[in-house]
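Each chain, written out:
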Amino acid sequence: MKTLIEITDLTYKYRSGGGNAVTALNGVTMQVYRGEILAITGQNGSGKSTLARHFNALLTPGSGEVIVDGLSVNDKKNTAAIRRIVGMVFQNPDNQLVSSVVEEDVAFGPENLGLPQAEIVKRVDWALKSLDLEAYRYRSPNSLSEGQKQLVAIAGVLAMKPKCIVLDEPTAHLDPKGKREVLENVQRLNRDEGITTVLLTHSMNEVVHCDRMIIMDQGLIKLTGAPRELFAQAEQIKALGLDLPAAAQLAYGLKLKGLTLPGNILTIEELVASLCQLP
Amino acid sequence: MPIAVKDLCFSYKQGTPFEKKVLHNISLDIEDGEFVGIIGPTQSGKTTLAQHFNALLLPQSGSVTVNGLITSDPQADLISLRLQVGYVFQNPDYQLFAQTVGEDIAFGPQNQQLRKSEVTERVTTAMKQVGLDFDTFCQRDIYALSGGQKRRTAIAGVLACKPKILILDDVTAGLDPRGREEILAVIRDLHQKQKITIIYISNSMDEAAELAERIIVINRGQKQLDEPVREVFKKPEQLRSIGLEIPEVINVIEKLQERGYVIPSIPLTLEEAIDLLTTAYAQREVKR
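Line order of the protein sequences matches chains A and B.
The first sequence begins at 120 in our numbering and counts up by one.
The second sequence begins at 75 in our numbering and counts up by one.
Chain A with its partners taken away, still in its complex shape (with noise of 0.2 Å):
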C-alpha cells in the first residue's frame, strides 16, 4: 500500500472565548506517501498545525476521516497505536526535552513502551548513531546548542521506531548553521531508514530539498504538487502570502527584465548555471 497517511472531507473548529467557534479545516482531503518527504506550507494560521496534529491522533477530527496505516483515528482504541507509528517534533525542543540527560531523554519514549532494557539500550545506541550524538550523550541538553537540542528532540522520537515523523516548523529558532543540521539529518533519516516525514515550514528554501508540497490556505489545501512544478506559478504562490524560495524569486525578477532564462529554475546553483550559459 503506497499512502501512509489518507485524509477524507477532514473539518475541525477551535472553541474560541466568546463562543464563536473557528474554523481551522475546513474539507481537506489529502494523503502522505510511504517514504517520501512532504512539505506542508501555508501562512500563520492556514490549518499546518491543526492538519498535523491529526496524523498522530493529538485532535481527532471535526468531522471526516484520518486513517494512519490502515487505523483510523476516530477509533480511541487506535490512540496508542498511531502515536508509535507517527512520531511528532515541535517548533521549541525545550518544550519537548523531559531529562537532564541525553541519553535519559532519548530512552524516555522506549521505557514508556515497556520495552526490555537490552532493547531500550540498542534503539537509544541507534537514535543517538544515526543523529551523529553519541559525543552529547552523557551531557545535559543545556550545555548543548540549540540545534543539537532539536536533534536530541528528533532522537527521542526517533527511539520509538516510527514510521513516520512529522516536524513541526522545527528550524523556526535556530540560526543558519542549527538550520542546516536539523534539515540534513532529516533528510539522512528518510534516505537511509526510510522514514516518511512531514515538514511544517515556512521557508521556500528548506521546501526545496522536499518530494512533494502542500500549501494551504484558510483551512483549505489550495496547492499540491512537486516544488519545482507549484513553484513555476510565482503570481499564484504570492497570492497565497508564500514567497519564492531566494533564487527562484530572483530568476522571476530576470525574466520580468526581459532575460532568457528557464521556468523552473529553483536552487542557486542552477540559477548560476542557467545565468552562465546566456550569450
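Since the hints were derived computationally from the structure, they do not count as laboratory data.
Any given hint might turn out to be false.
[Said to hold, decoys possible] Restraint-style ranges between C-beta atoms, simulated for each label pair:
no., chain 1, residue 1, chain 2, residue 2, range
1, A, L375, B, V336, 20 to 26 Å
2, B, E346, A, R134, 45 to 51 Å
3, A, A199, B, Q88, 44 to 50 Å
4, A, Q352, B, T198, 40 to 46 Å
5, B, K87, A, D244, 32 to 38 Å
6, B, G205, A, T379, 37 to 43 Å
7, A, E303, B, Q296, 24 to 30 Å
8, A, G382, B, A172, 37 to 43 Å
9, A, K248, B, F171, 41 to 47 Å
Idealized CB from N, CA, C, for every residue including glycine.
Let chain A serve as the given structure and place chain B on it in line with the hints.
Chain B in isolation, oriented as in the chain A frame:
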C-alpha cells in the same frame, strides 16, 4: 553619544562553580538615528549584550553609558532610561499579558501616571505606527491574534512609552513571509519617519542586509566585525566560519565571480540584485 559601551564583560552565575563567561571586553558606540544590526549565532551573547543597553543587565566590569547616563551608577534613574530604550523580545507571548490589545499597549503609559486622555492618545498613535487599525483591534483578545499581529502589539506596547531607541530581538522568528514583510515595513518606517534609533538583533543576515546601515557581528561573546553593511559581506568566508550565512542574492554574485564574471558591486536586496544583473547583461559587461 547615545550608547557607548566600553570594555564590557559579563558572566552568568558569577562567583559560582557554574560561572559562564558570555561577554568579553566588548566596546562599541551607537549614534542617534542609526540602524544597527547585531548579528551572531545562537548563544553568541548578542541578547546579553543588548540587555545592557536598557539596564536589564548591569556591567560586571567595563561600562555602558546611555544618553549620558552610566547604567552601573547606583544613583542612575534606570526607570527613565528604560522608557528611553524600549526592548521587544523574541517571543511576544512572554511580553503580552493583558486581556486585550488596547489594555496591553496602555500598560506602559498607565504606569507613568499619565492622564487618561494622554494614555488613549499614546495607544492610538502606537497602534497607528505599527499598522493595527484601532477600531478593529483595540478590544481584540490577545490570544485571538496571529503571530504577526502579536509582534505588532508587542512593538506598539513599547512605542507607547515613546522610546528614542528601540531594541528588536529576533522579532521575525516563526513568522510567515507576509507577516515578516509587514513587520519589516513597520520597522523601516519607525526608523525613516519617526527617526527612532533601531538596534536589530538577529541570526539572519538576509534581513540585516536589507535594513541595517551598520552590522556588528558577535561570536562567542566577542565583537568580530563592526562595519558598514556592504563591507561586512566582502568577508563571506569569515561569516561562514562562525556559522552565519551571507544573503542568497550575494551568494549568486559570488558564484558568478568565481566563474570569472566581472560584476561591479554587491547587492543587498533582491531588487538591487535584479538591477545589477540586468544592467550588467544589457551592457554585456558581465563577461570577463
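Right, here's what the structure says about each hint:
1. Judged by the Cβ atoms, the range 20 to 26 Å given for L375(A) and V336(B) holds: they are separated by roughly 24 Å.
2. The hint said 45 to 51 Å for the Cβ distance between E346(B) and R134(A), and at roughly 48 Å that hint holds.
3. Checked against the hint of 44 to 50 Å, the C-beta distance between A199(A) and Q88(B) comes to roughly 48 Å, which is consistent with it.
4. With their beta carbons about 41 Å apart, Q352(A) and T198(B) fall inside the hinted range of 40 to 46 Å.
5. The hinted window of 32 to 38 Å between K87(B) and D244(A) holds, with their beta carbons roughly 34 Å apart.
6. The hinted range of 37 to 43 Å is satisfied by G205(B) and T379(A), whose Cβ atoms lie roughly 39 Å apart.
7. A hinted range of 24 to 30 Å for the beta carbons of E303(A) and Q296(B) is consistent with their spacing of about 28 Å.
8. Taking 37 to 43 Å as the suggested C-beta distance range, the pair G382(A) and A172(B) does not conform, at roughly 50 Å.
9. The beta-carbon spacing between K248(A) and F171(B), approximately 44 Å, falls within the hinted interval of 41 to 47 Å.
Consistency note: the structure conflicts with earlier hint 8 alone.
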